[in-house]
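Put together the whole structure using the sequences plus the hints.
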Amino acid sequence: MAPSNPLANWQKIGDSFYRKVPLYDAIFDEDVELENYIVAGAPYGGAIALYRDETKPYRLQDAQASRSSIDIYTCSGKQINRINWEQATIRGLGWSDKEELLVVAEDGTVRRYFGLDGEFTSFSLGNGAEEYGVRACQFWASGLVALLSNNQLIAVSKYDEPRPRLLAPCPEGEVSSWSLIPPAHTLSRSVEVLLAVDKTIFLIDSNDAEDKILQDGPFKHVSVSPTGRFVAIFTGEGKLWVVSNDFQNKFSEYDSKSRVPPNTVNWCGDDAVILAWEDEMHLVGPNGVASRYYYDGRFHLIPEFDGVRLMTNDTCEFLHKVAGVTEEIFRFGSSSPASVLLDSVEQLEKKSPKADENIQRIRSSLPTAVDTCIKAAGHEFDAYWQKRLLKAASFGKSVLELYNSDEFVEMAEKLRVLTAARDYHIGLPLSYEQYLRLTPEGLVERLINRHEYLLAIRVSEYLQIPADRIYVHWASQKVKVSTVDDEAVCKLIVQRLEGKPGISFEIIAQAAYDEGRSHLATQLLNHEPRAGKQVPLLLNMEEAELALDKAIESGDNDLVNYVLLHLKSKLPLASFFRMINTRPVASALVETAARGEDTELLKDLFYQDDRPIEGANVLLTEALRETELQRKTEKLHLASRLLSDSKDATVVLHQKLVSEASQLLKVQEALDRDLEDRTEFVGLSLNETVYRLIRAGYGKRAHKMQGEFKIPERTYWWLRLRALVAKRDWGELEELAKTKKSPIGWEPFYNEILGAGNTKLASVFVPKCTNLPVAERIEMWVKCGMIVKAGEEAQKAKDLNTLELLRTRASGPAITEIERMINQMRPRK
Amino acid sequence: MAGSDADHFRDQARRDLLTLLEGARGKKNLVISQELAGPVGLFVKFSVLQEYGVDRVFLLENANVDSSQRNVIFLVRGEKAHQVRTVAEQIKRLQNNGNADHEFSIFLAPRRSLVSNAVLEQVGIIGDVNIAELPLYFMPLEQDILSLELDDAFSDLYLHKDPGCIFLAAKALMGIQQRHGYFPRIVGKGDNARRLADLLLRMRKELDAEESSGLADLSARGLLPSANTENLIIIDRDVDFGTALLTQLTYEGLIDEYVGIQNNQADVDTSIVGPAPAPQSQESSKTPQQAKQGLKRKIQLDASDQLFSQLRDANFAIVGDILNKVARRLETEYESRHTAKTTGELREFVNRLPTYQLEHQSLRVHTNLAEEIMRLTRSETFRKILEVQQNNAAGADPTYQHETIEELIARDVPLKTVLRLLCLESCMSGGLRPRDLENFKRQIAQAYGHQHLLTFWALEKMELLQPRSSATAMLLPSAGGQAGTKTNYGFLRKNLRLVIEEVSEKDPDDISYVYSGFAPLSVRLVQCVLQKPYILSLIKGGTPASSVNTASTASPGWLGFEDLVKSARGPTFSLVQKGDDKAVRARQTLSGNNATKTVYVLFLGGITFTEIAALRFIAAQEAPRRKIVICTTGIVSGDRMMDAAIEQGSFAKSE
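If you read the protein sequences in the order shown, they are chains U and B. Numbering-wise (the numbering used here), the first sequence opens with residue 1 and increments by one. Numbering-wise (the numbering used here), the second sequence opens with residue 1 and increments by one.
Hints in this document: simulated from the structure, not taken from any laboratory. A couple of the hints might just be wrong.
Where chain U lies over chain B, by a calculated footprint (3+ residues, C-beta under 8 Å) [to be verified]:
#	segment
1	165–179
2	189–202
3	518–529
Cut-off 16 Å, straight-line C-alpha distance, at most; resulting in silico cross-link-like pairs (EDC-like, lysine to aspartate or glutamate) [as the list claims (entries may be wrong)]:
#	chain 1	residue 1	chain 2	residue 2
4	U	K387	U	E413
5	U	K20	U	D306
6	U	K478	U	E515
7	B	K80	U	E591
8	B	K384	U	E747
9	U	K656	U	E708
10	U	K212	U	D246
11	B	K171	B	E133
12	B	K205	U	E553
13	U	K500	B	E206
14	U	K568	U	E542
15	U	K158	B	D128
16	B	K461	U	E614
17	B	K461	U	E591
18	U	K710	B	E438
19	U	K500	B	D208
20	U	K656	B	E438
21	U	K647	U	D610
22	B	K161	U	E591
23	B	K80	U	E597
None of these values were measured; they are calculated from a predicted model. Ideal placement from N, C-alpha and C gives every residue a C-beta, glycine not left out.
Written out as structure tokens, the structure is:
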């Protein structure tokens, strides 16, 4: 094979070169009249969608045939799919980064076709799209902006959960052209739009529309460069301006000398702009230098970030700026080290000593020369020159003593993958830069979409990246197309995927289910190791019970709750209860959820389960929530009745206490009515009620309540004591002191009264605490400030030491008293 | 491995949150649910949030978010359907009444759940909001404590029997495993612990299944058991309810009992600790005394406070001593300025001044706090309560305590306190006599309101307060039989020496110092795994040497104690997670075997500060061979356990 001339198709524009690389030929059939089609190409050498342009006249015979479909081709012209389109007129056709085809209809419906298989999801733009109609659409890597006929703009920034959002309202006027700036290149980090209205251009973001105040409109074209730094605008006078993105600086101007505005204005990389008419193209570089190309027929432009693809019926070409490294090597008369190195390979093959001379000459810069050759190999599309350059690099590094060959190896790997992908069978003409951006995983994804499983697996293995998605996709496809019986398919799939890590059988099962093969789906699901993953599908398949079990097995509450939510709405209550009955986790979760929201459900549940206490408790809770006293008592009665049948001791007690509660409420209500006191008794506890009654001086009523509710004597005494102390009713307390016996002893009286600060009264109780040891009683006297009494106590106990101690604490006349006692105690001398 | 787990999880949480905040451009209002507000404070400061455009922070529960910003962000727990519902309502409200056009985001922690999706779908706003996940699992309370900070974990597990937090704990532990490799061994006790271990095994299997086939991938590391982890010990709270019901007697424990510690912070009355220090000490003289009654001041209680680090785990009995000592040291240090002769010495003093002032401040706070607690512990009721507890813990006949409890009821001490005592008795002696229980039920209903019938029901459901089924069942150590349904404290008290009377509070040689003579069973169980020789010497009697012969730790898991631990509730297990043998051996030869190994101790259902103190005590003994990292679903205390059960409603007509 004769080597192609590396300089073929180079074109000098200003200081740099551009070249057109022929990628494929004989693309489309002759009868596809490209000029009548709207063409949209996916980025990174992706698929091309063709749709018959409805504004173009039809030839009579094929009017029906091509009318209602979108055709998807590879870049090499292989048809991948045909999508029938019977919806409203298409107003936008575009691709996302992930090779999803987006079709926007006039009525605002957006369909997202993923996987090139014709499967789609759809959503509506809303926001008035239906009334006004979509006029045009523009797309970026992960979103789109639609222009309505009322000049409103609607942006969608992601497709997984599309949220169409209105941008700021636009000024009235005739929109002559527009362009979007992707979020990655704007300051606001959300999409912005340049809208050429009348004589000026507006920059519109989500908040406001900023007039850029230009005079030279109407602008027939506006286009933003791939990096978002420059804007190309085409004026009504046929001039192309390149300005900075803030419209402050004008970098160049080019006069196309054409009165007809071009069909498209597109950037080629970040340095050049392409003006394209039907069959003529101007490539305008910096400073308005331009070069012209002519075609035989209509051609279409598909922009990439590093160049453009040019499609005609016959050819697919890639026009891009020649990379620096390539230029350095191949440029006429280049004497750069890398160029010399390439030359030496030739000399070497001729066995000429010049090879060595060359090497010696560039010795000092040999490492960079090698690097350059490796890089240039990447940018080359022709296998011959790739090999040549790598050979040069290889030769060069063999001379070097120390050289890290990683880059060389990686480049060889990448080129192998690229060559495979560029093959016309596959039709993915990726440039090296595009491949880096697409990533190997992205490439594998695209191969999967094209059902190129074998190549995808080879690439995965070669690059050591996960291959599970490939297998899963393959299996799903198998499930869809195979006609043999379920067992055989399942066996085949399981056999093929055995031992492969990370296989999601759930996805395959879903595919089977979608095909209506639910038996196969169940079989496949059994091979899914992740219990949680099986649940949603099982639910869809109406395998409710199994879904519930799997959800519980997974231990994930959320899943269980989700299934329960689903079941509750689907099943009759009785069977729902039956299902959760045998599953404690499920019934616990149902109970917990119902406690907050649906107490009726709880009552039913407890009734069916024969759990009277819990049923009564629900009523009790309701009684607490009621605000009307009447309703409270009603609920309590209901609860009490629910419990009245049982003989079980716990239930009986429960019932008694529930009735006691309503009895108490009744009494309290009466109290509230009778007593003019401001206290509200309703809602207080029994003890609290009694306590407050005593404190307010209604001792009799309190006493009556004690009898009515059988309050233990000890408790009652405590309540009385505390209430009287709080009331500072010293008289009543003194009366009490005259009682012979107290069920709680007298010490509490002493403590409480002392705590309230009445030492005198407290002291009354000291002698009554007969069961306490002397020492403690002495301390009690002391705390009341009655040293003498304490002394007497000590004297009785014949405790001299304590007396001595007391003397130190005494003051005033008490000292003499104590001393007298001490003297009495002292043995007579 | 670089960085401790605590730092790792803190950084990760911070990064995740800030990245999400950055996703919403411009200024924004942040609405956060109450139970997340505290935890978020653990890893990011408000000033940082401000740097990321947060204008104002609202609490979800206050429902007062306004339209002052276009961007409104909600941060709630995705597992809690009712929180998500509240969010939906508030969004609806803003959408309907506001003339402003809002941009809503909902961050769901720790994950976006199907149920929350369903809720948002039901309300019809799922299309109008940005929804993102904030994977918050373990949050570091301290360098050695990782907590899920789930306030409801205790009630969910034992009252509602809702295993949600087990799943979250498993996810969180997977996070640790993915960082360090698999726990070579999982040891545990209790039903829920077992469930957690099973989940871990299952998740590992699932992860293996998902493991990419890529060979050079970093995550392939996860296939191996970890080399620097010894094991994971899981203790189910219900194995030992008893310990948690006792009044905690360490400093930090007592603060928690009386003031309450939430996310390392305590709200203390300013009348106790004085108002927050003014930012500039010079200006403080100008500010008028604003120490109004009832004003609360937030006190940060963590290792950043050096003094607190010294105090927190000490028995309260010696806290006064420590405070005195520190006060004297500060005094002399401060006086040293007079002796400073050369300018160099003076400069050194001045350099130390800021730390000195900080220490002084903290000293003042803690002295005041300690005094307040001292006042409370000297009260008559405290003495009585403690007496009942200690008698129960020591195994004395509980019926002798009933009179005291009745008195406490009549005196209207807080219901929690009474219930704790009853539950303690029930746990320690296998239930109350039915007649006694009935009696108490009646008295409490009368004293505190009949709504507490519901409280009793809840306590019974949690198996905290039960009638004794048969008098003899508890006396037998359930040797041989299947796993017990109740913990036999009587048996374990004797055989694991839970009660050690002569423990020194000042210079402790056993973990029992934390309860002044009672060793928490939960931590004893951990010792059965980690400190076998010590426990053996305890059992054999003879005074245990404090520095245990640490050489022989060969027997892993429960080995040697299987029969003993059977008497505690729930299944006992010890699982080995094996990896590829060759790889393990290869790494062993590579890394050697003398490095510090980490032990993860997970308390499912919550841990008390006293137990943390006890575990730290063990950790100090085991250093440097072992490092103990304490993991938990949250901090509990007896009061919090009671709160889970106590019915809040009353029969009053309306609030």
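**Message:** Flag every earlier hint the structure violates by its number, smallest first.
**Reply:** Failing hint: just 3.
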